[in-house]
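Participant: Please work from the sequences and hints to get the whole structure.
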Amino acid sequence: MYSNGSTMTREPVQDDGLALGLARLTPERIAATTQAFLKEETGARLQVYLDTCVHCGLCSEACHYYLSHDKDPSYSPVGKVNQTILQLVKKNGRVSPEFIGQAARVAYTECNLCRRCSMYCPFGIDIAYMVGLVRRLCFKLGVTPKYLQDTVNSHSATLNQMWVREDEWIDSLQWQEGEARDEVPGLRIPLEKEGAEIMYSVIGPEPKFRTQLIYQAAVIMHAAGADWTMPATPGWDNSDMAMYSGDYELMGRLKRAHFETAMRLKVKRIVMGECGHAFRSIHDVGNRWLGWRDRPIPVIHAVQYYHELLTSGKIRIAKKYDEAVTFHDPCNIVRGMGLGDMGREVAKALTPELVEMHPNREHNYCCCAGGGVINCGPPFRNTRVSGNKIKAEQLAATGVKTVIAPCHNCHGGLEDIIHHYKLDMKIKFLGDLIYECMEKPWE
Amino acid sequence: MHDVYQFVSGPLAWAAFGLFVGGSLYRIAAMILLARRKDVQVFEYMSLRYALRSILHWSVPFMSVNMRQRPVMTVVTFLFHLCLILSPLFVLGHVVMFDTSFGFSWPALPDQLADAMTLVVVAACLFFLGRRLSLAEAQYVTSFSDYAILALVAAPFITGFLAYHQFLDYQLMLVLHIVSGEAMLVAIPFTRLSHMLFAPFTRAYIGSEFGAVRHARDW
Ligand code: SF4
Ligand code: SF4
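Which chain is which? The protein sequence lines are A and B, in order.
Going by my numbering, the residue at position 41 of the first sequence is 41; the numbering climbs one at a time, nothing skipped.
Going by my numbering, the residue at position 183 of the second sequence is 183; the numbering climbs one at a time, nothing skipped.
To be clear, the hints were calculated from the coordinates, so they are not data collected in a lab.
Honestly, I wouldn't trust all of these hints.
[As the list claims (entries may be wrong)] Away from chain A, derived, C-beta distances all over 12 Å, residues of chain B: (1) His2; (2) Ala30; (3) Phe161.
[As the list claims (entries may be wrong)] Now the stretches of chain A that chain B is said to cover, found in silico as 3 or more residues with beta-carbon under 8 Å: (4) 45 to 58; (5) 284 to 294.
In this text the structure is predicted, and so the values were computed from the model without any measurement.
No residue lacks a Cβ here, since even glycine has one placed at the ideal position from N, Cα and C.
Facilitator: Next up, the structure:
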């Protein structure tokens, strides 16, 4: 018998960030902060969601954590609500530090805010929103996972996620430009070109670990004859871990810097690299925090841009990738922007065969890295890998050796799953394949 | 017993209807006002087209993926809600009562059909009870109030059935039927039964977010 949200069996995990925050908490401080938070930052949505939920459990089937843990109900979407925000509201914040520790663990590491459950609840209750509220409260209480907080600290100090210094950023771009010029004579990565049509923006990890993506993007832009630029100032990073830690003030600073950089360069639009969470932050979270209903300047995701380049004939495909592939739908651009079909069209143009995973498109299973979960680092790696057995089974069932995932987080998540469940698969970005298969007039 | 009957079918009935209607209007108005202050995005992104699209897909049986994945639950849920709402509105006894009190009436359901619908509601309540007790994902989040609400919903139908067939003490059953019916009505705005009031709003909002902002389906 479950005593209403009190059974929870988890291996203890040592996270220095959570531990440090918890050590500073007192029940009085928790109550005062929670009460102020509930009063100031929540309203009709939370109230109606908690009142309307009939505890039917129909949302359970939506969650990959639940499915991957043999239907353990403490991983179900409503189960997570029950263990966290519902108790906080019921007890009006009179909970112990241990409770906050558990709630933080559930909210930061056992939910990817993937929003799949909203599609399974008959009332369309937005559980990801409620889990987000728990994160916001934990942030206000100073209880955040250490690794996640470190990326947030980097955002705060440098306006990028990876402690990349301004000169290092410029250096990385010039280095990639130099390398690419060996292959493509005359190629440029135009820095600070005022009035260009496109500002191309990437996430912090690109200059840090995945510089070849910048190289490839430059080659694709060059081949397409694009009028583009990249900023030489902070504001180049479109990523946003503050959105996931609950530090919305910082999220606002990041998005403002990004949009204002594009405005300063007087570009017509922003094209983003293949990242999902950054798209979410710009498309429908960070912009709202800043008071923009939409975006102050048009923003498109790489999938949309590649689609445009292929359909307009600006990029031509010379050959097909050498084997069949499957396509992973990143939550934030598929359930977040409906780009599933566009992504498939691009993938199909590049590959001999696309084998579907089921369910797919809006009904995809998350990679389990999203929502900042992968950024919670090594202490929670196992949570995420064991929490996504279902994705491993889905991948294995396709029988193919390559999975395309047009999202950085998905790459990280799928990589760990593929490794752990010993699947013999490679992961590719669409950009990797375009670079590999496109016509290169200079050759 | 006659006095009790007079009371529960007279002043108490007025009070119950008053609380139900007034309470419902109050809850909805309060919710809208609160949302205007605290959840501006709800209004900002509300889109009639996508709201209706979402409501449609969740009002027609088997139009959503989750409904197709759980056919038994879907059939039971739809029959339950249909019978729950229609049978009290169209059962002959209620229509006649309105006619004698207010002088207007509307077509009633044949007795046998109304009777069957009553049994469907009771059977569905038993099904939901069984589900709560046996399915881990429901059991885990079930608390006392969930059982209480289930009993509250079943009671007027059980007593109505018993009264109609004159099983047990007719007078007593009739009074219990009326009182439990009134209790259920009053509970709608003030308990989880308020999903009846809020469901169109929650669906409309998430439908708008999914459709107009995220260009994705929500079913
Ligand atoms: S991980 Fe996704 S499906 Fe699971 S609870 Fe969070 S938002 Fe819902
Ligand atoms: S499906 Fe909706 S109503 Fe049912 S338990 Fe989940 S959130 Fe609550």
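Participant: Each hint needs a verdict: does it hold in this structure or not?
Facilitator: Consistency of the hints with the structure:
no., hint, verdict
1, His2, "holds, 39 Å"
2, Ala30, "violated, 8 Å"
3, Phe161, "holds, 24 Å"
4, 45 to 58, "holds (count 12)"
5, 284 to 294, "holds (count 3)"
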